[in-house]
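Student: Each chain, letter by letter, is given below.
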Amino acid sequence: MSTLHAPEARHVVECAYPPIGWLSSGALGLVVVGGILLASYAPRKAPLGLATALLCAALALLVAAAFLLARLENFAWATFATVFKWALLAYAVTSGMIEFAFVHDHTRGSSLVLVTLMLVVFALSVPITIAFTTARFADAKGGA
Amino acid sequence: MSDDAMVVNAPTQQGPPRERTKIQVVPLAGLPVVAMAVIFVALSIGFNWQWGLMFNHVVGGGLWTGIDLFVGLVIGPILGRLSIPARAEFSARFMPMMVIIMPTVVMMTLATGFQVARSLGNLSASSPNHAWLVVSFCVVGIMATTALGVLEPANIAVLYEMNKPVPNGEVIHRLMQRFVYTAGILGVMQVATLIIMTRLGSR
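Quick note, the sequences are listed as chains U and W, same order.
In terms of the numbering used here, the first sequence opens at residue 1 and continues consecutively.
In terms of the numbering used here, the second sequence opens at residue 1001 and continues consecutively.
Hints are not guaranteed to be accurate.
[Said to hold, decoys possible] Under the rule of at most 27 Å between Cα atoms (straight-line distance), these lysine-lysine pairs were calculated in the DSSO-like manner:
#1 U:45 - W:1022
#2 W:1022 - U:85
#3 W:1164 - W:1022
Everything labelled a hint here was simulated from the structure, so no lab data went into it.
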């Protein structure tokens, strides 16, 4: 659809934002791989070294995304906050359900800690991606 | 979706915006159904309720696969050929429903699927189905990352853009393209899911 006739002033306002969405999606991808690794060994104990490395890499990406996000100026923070809090609620419920299933399946000790931290990354990375994608196109002054 | 969640004018219209009603990004009327699904899944897992686990997994999985295939391979290509005003009008009615339906059916399917696999012994490394199960984890992992990292953010961003007094047609177009392409990828991955699940069920 290259034949858009939007007025000049309303052309795509896509500032050169840092790759926050890619970083948070990367964190999500890494914890998904870690989750697959742990699940593929269940009910046996999975090798925790690789899963821990994946978690650390995911945490690093998430922290980098948060750091870059915090430095943004002229950004639609009101829109970001609105979307983030509701998405966080939804994915906290989803993460809680997954955590419940693991606890119910007698996952304990270091495996449970790893799963819990992966779910925290999951529950934070998805809302960051959704809220950032929404807010980057929103009006910085008045939100959406 | 509620009746007030409509957008009727084109996002690329010239001149002053016409009167529009705001899109309800999350259809609140659907939330009690979501809450019931969450409670049903939690009870099924908590009490090892075999029928409940199987019901949630089969119904959730069937809906997930069916909707993904239909959207990715039927609705998506049609949507891609529509004019932007028509696409916007369709999306204004369609996307809020997807916001509430898809996470619910995915949660029903995945949370109970693991329990079903455990109770059937498919998680055991000695099970002949174990390799297929691991492949299904990988397929679901790709779908989850694609859906949560690309499709859902695009979906929400489109709805927010449409709620602006004067939506930007090019932003909507670009975000909708993401939606259409990722829906296509998910449709193809769902074909793989169908093969794996029917294979598992027939062994």
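Student: Are the hints correct? Go through all of them and say.
Tutor: Hint-by-hint comparison with the structure:
1. U:45 - W:1022: violated, 51 Å
2. W:1022 - U:85: holds, 20 Å
3. W:1164 - W:1022: Judged against 27 Å, a Cα distance of about 9 Å means the pair holds.
Hint compliance for this structure: hint 1 is the single one not met.
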